[in-house]
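Trainee: Protein chains in written order, with our numbering: chain A, 1 to 184; chain B, 1 to 527.
Derived by calculation from the structure, the hints in this document are not laboratory data. Remember, it's a predicted structure, so these values are computed and weren't measured experimentally. Misleading hints may appear alongside valid ones.
To be verified - Within a straight-line C-alpha distance of at most 30 Å, the following computed BS3-like cross-link-like pairs (lysine-lysine) qualify:
#1 B:Lys398 - B:Lys379
#2 B:Lys118 - A:Lys44
#3 B:Lys320 - B:Lys379
#4 B:Lys106 - A:Lys58
#5 B:Lys504 - A:Lys112
#6 A:Lys164 - A:Lys44
#7 B:Lys457 - B:Lys162
#8 A:Lys58 - B:Lys111
#9 B:Lys106 - A:Lys44
#10 B:Lys320 - A:Lys44
#11 B:Lys398 - B:Lys118
#12 B:Lys398 - B:Lys428
#13 B:Lys457 - B:Lys398
#14 B:Lys320 - B:Lys398
#15 A:Lys89 - B:Lys398
#16 B:Lys457 - A:Lys44
#17 A:Lys70 - B:Lys457
#18 B:Lys457 - B:Lys379
#19 B:Lys96 - B:Lys118
#20 A:Lys112 - B:Lys96
#21 A:Lys112 - B:Lys258
The residues making up each chain are set out below.
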Amino acid sequence: MIAVFIVVGILVVALLVVVSIYNNLVRYRIEADNAWSQIDVQLKRRCDLIPNLVETVKGVMQFERETLTKVMEARAAAMGAKSFNDRVKAEGEISGFMGRLMAVWENYPTLKSNQNAMQLQEELSSTENRIAYTRGHLNDVTSNFNALVEQFPSNVVAGSFGFKKREFFQTPETERAVPKVKLS
Amino acid sequence: MLQPLPAETVFEAKRRSRRNTRLLFGLLLALYVVFFNLMGLVVIGQGTSDPASLLREWPGDALDGSPLVFFTVAAAVAAGIHFLWASSKSLPGILKALDASPADEKDDIHKRLINVVKEVEIAVGLSGIQPVVISTTAMNAFSIEDGSGKKAIGATEGLLGKLSRPELEAVIAHEAAHLAHGDSRVMATACALFAVFAVLAAALRPGRVRRSSRGGGGVVIVLWLLVAIAHFLTRLVSMAISRNREYMADSHGVHMCKDPLALADALKKISTGDRGTFLGNEGFSAVFILRPDCAAIEEKEGFAADLFSTHPPVAHRIEKLLQWARQTGPAPASSVPGSGVYVRQESNGSWQGPVPAGELVGNSAILPTSWIADATGLKHASQEPELYAEFVRRLGAKSSGHACPRCDVPLASGQYEGMPVLECEYCKGRLLYPGGIERAIARRLEAFDGAAVVQAKAWRAVQKGRLKDLCKMPHIDCPLCGQRMNKLLHTELTRVVIDRCSNKDCDVTWCDGGEIERIQVLVEHVV
Numbered sequence: 001m002i003a004v005f006i007v008v009g010i011l012v013v014a015l016l017v018v019v020s021i022y023n024n025l026v027r028y029r030i031e032a033d034n035a036w037s038q039i040d041v042q043l044k045r046r047c048d049l050i051p052n053l054v055e056t057v058k059g060v061m062q063f064e065r066e067t068l069t070k071v072m073e074a075r076a077a078a079m080g081a082k083s084f085n086d087r088v089k090a091e092g093e094i095s096g097f098m099g100r101l102m103a104v105w106e107n108y109p110t111l112k113s114n115q116n117a118m119q120l121q122e123e124l125s126s127t128e129n130r131i132a133y134t135r136g137h138l139n140d141v142t143s144n145f146n147a148l149v150e151q152f153p154s155n156v157v158a159g160s161f162g163f164k165k166r167e168f169f170q171t172p173e174t175e176r177a178v179p180k181v182k183l184s
Numbered sequence: 001m002l003q004p005l006p007a008e009t010v011f012e013a014k015r016r017s018r019r020n021t022r023l024l025f026g027l028l029l030a031l032y033v034v035f036f037n038l039m040g041l042v043v044i045g046q047g048t049s050d051p052a053s054l055l056r057e058w059p060g061d062a063l064d065g066s067p068l069v070f071f072t073v074a075a076a077v078a079a080g081i082h083f084l085w086a087s088s089k090s091l092p093g094i095l096k097a098l099d100a101s102p103a104d105e106k107d108d109i110h111k112r113l114i115n116v117v118k119e120v121e122i123a124v125g126l127s128g129i130q131p132v133v134i135s136t137t138a139m140n141a142f143s144i145e146d147g148s149g150k151k152a153i154g155a156t157e158g159l160l161g162k163l164s165r166p167e168l169e170a171v172i173a174h175e176a177a178h179l180a181h182g183d184s185r186v187m188a189t190a191c192a193l194f195a196v197f198a199v200l201a202a203a204l205r206p207g208r209v210r211r212s213s214r215g216g217g218g219v220v221i222v223l224w225l226l227v228a229i230a231h232f233l234t235r236l237v238s239m240a241i242s243r244n245r246e247y248m249a250d251s252h253g254v255h256m257c258k259d260p261l262a263l264a265d266a267l268k269k270i271s272t273g274d275r276g277t278f279l280g281n282e283g284f285s286a287v288f289i290l291r292p293d294c295a296a297i298e299e300k301e302g303f304a305a306d307l308f309s310t311h312p313p314v315a316h317r318i319e320k321l322l323q324w325a326r327q328t329g330p331a332p333a334s335s336v337p338g339s340g341v342y343v344r345q346e347s348n349g350s351w352q353g354p355v356p357a358g359e360l361v362g363n364s365a366i367l368p369t370s371w372i373a374d375a376t377g378l379k380h381a382s383q384e385p386e387l388y389a390e391f392v393r394r395l396g397a398k399s400s401g402h403a404c405p406r407c408d409v410p411l412a413s414g415q416y417e418g419m420p421v422l423e424c425e426y427c428k429g430r431l432l433y434p435g436g437i438e439r440a441i442a443r444r445l446e447a448f449d450g451a452a453v454v455q456a457k458a459w460r461a462v463q464k465g466r467l468k469d470l471c472k473m474p475h476i477d478c479p480l481c482g483q484r485m486n487k488l489l490h491t492e493l494t495r496v497v498i499d500r501c502s503n504k505d506c507d508v509t510w511c512d513g514g515e516i517e518r519i520q521v522l523v524e525h526v527v
């Protein structure tokens, strides 16, 4: 009789543990999905801002003509991307060019004295930050989720309910490089 | 050194915050149980001739209505009510007490705060953080979460005006980390809980007690004990929650904004900038503490609160941030020796370069306080011997051979009010020789316009803090003899705190930018 109780007790405890691990996994998955959709929103926002940016600075940033052309091309590529990987690549390129434009912005006094340009710069900085922050948050959540998927005992639960390791949002190399620009 | 966090997300933090809140309740409950039982002992014991027997019978028989059970249950009920009341304090009330108003969408500078708060919301995965602003020129930021989970991050106008965008991002990220960790909420509850005891403490001031203590001496002693313990606990809890959590918030904040230098610079600006007292510091809350809403003041998880508590942590925090920056700094500069020097733009935190080492000298865009990075590491431009020499050259014949205690740049000799002084071109601080303050006050060569007078008066009007707090600012070393400089209150009239060399033979006075002018204006126009 006692043996039955013990067995039932162990089963109940095991079930509770499984349920809690499962719920944890689901929570992380939802959070990661949220982060992905956030990134999507911010990337769209950036694509909307780029034409405005080019319009505002093309007359002023004579030394950045090439960057401006490239950023428009990358934008077109990102908007027309067929596959997920193509899109991530194009967006990475945009981030690189934007980083460069933001870095040289200070060298143009005309832009610093123009209120519209200042507001645009604020919007762009904010959008870039949002993208970077969401990516950071997404990667944090993903790494915790992946740890759960790999570690014992949660890996057993993850395996039997079909939770797979998720991909990180990688930063492309171009984005990490320090822009080589001349100090004014 | 500060480490990037092991990816602690909001979930783990929430769990810990709940644990801390429970712990807090346990603490309060224990306090109440002890207090109620002691009170009971004293009150009942007043009628009995044999207190020892009362003590023996106190636990009694649980079924037979023992006083211990009765008072413990009463204590639990009281603690529960107290706790519910304290954790239900609402955000609007707290913000009102702090004199904070919502940020204005149409104002470009406020818009920046709104944007930055939106950004960090994303970074920590929280939503609905209200950006608020306090209209004061002092520099501070705070985060608050009330019992119902409403959150706000606030900054003062002074902070918004003086910090660059990356610095503001770093500060707000630090505050958001407090929110994400649940520090603000636990802190808010803790302060609301123990503020009541502070009210009691004020009511029990020695003078009042002696008059009313006829026949109630025992009660008063127990009350005293309670207040003392509660005071101690408040200290303990706020230290445990706030101090230790600062490094975590720094770490998490930098993990978000990826810019340890911006936070280091911001901390430095706040700690050496406007030394005015803040709306929320102890001086103000000492006036306030009699009211129940005083708790709001102490809920601040603010920079100033930390800065003024003890000074080593600021220097400590900055040092840790610099260590972090050294490890993560612009990678290309440290990886390729001789590739040139990278210069950090303060306005947007971006690194520019590489500039061949030779081209740095003579580049007017580089200030002594600019950060530069080369193969040897990260430093201020003035720490590079060649550049320091360049800054000395720029001063020409005015160079004094002594360095500014704040900026590490050469001081220039100049004249002020007809007397020789040493001046820093960057922070506008002045070194006065013995007797210089008196001379400056006596003379009227410098004319101050109406704006300067209004500004100085406005500054003086908010100086309500205790001198003790002002004097906790980090000490500086004398630029001439290298000895420590003491903090010195000029007079109660001006309330400007200046630094005087502790070496009596040297006896020079350092006035930070604008301080001597402030003294003069106040002396000339307030009397």
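Trainee: Could you run down the list of hints and mark each one as holding or not?
Mentor: Hints, one by one, checked against the model:
no.	hint	in the structure
1	B:Lys398 - B:Lys379	holds (26 Å)
2	B:Lys118 - A:Lys44	holds (17 Å)
3	B:Lys320 - B:Lys379	holds (14 Å)
4	B:Lys106 - A:Lys58	holds (27 Å)
5	B:Lys504 - A:Lys112	violated (50 Å)
6	A:Lys164 - A:Lys44	holds (28 Å)
7	B:Lys457 - B:Lys162	holds (20 Å)
8	A:Lys58 - B:Lys111	holds (26 Å)
9	B:Lys106 - A:Lys44	holds (24 Å)
10	B:Lys320 - A:Lys44	violated (38 Å)
11	B:Lys398 - B:Lys118	violated (48 Å)
12	B:Lys398 - B:Lys428	holds (15 Å)
13	B:Lys457 - B:Lys398	violated (33 Å)
14	B:Lys320 - B:Lys398	violated (36 Å)
15	A:Lys89 - B:Lys398	violated (56 Å)
16	B:Lys457 - A:Lys44	violated (50 Å)
17	A:Lys70 - B:Lys457	violated (55 Å)
18	B:Lys457 - B:Lys379	violated (39 Å)
19	B:Lys96 - B:Lys118	holds (22 Å)
20	A:Lys112 - B:Lys96	violated (36 Å)
21	A:Lys112 - B:Lys258	holds (25 Å)
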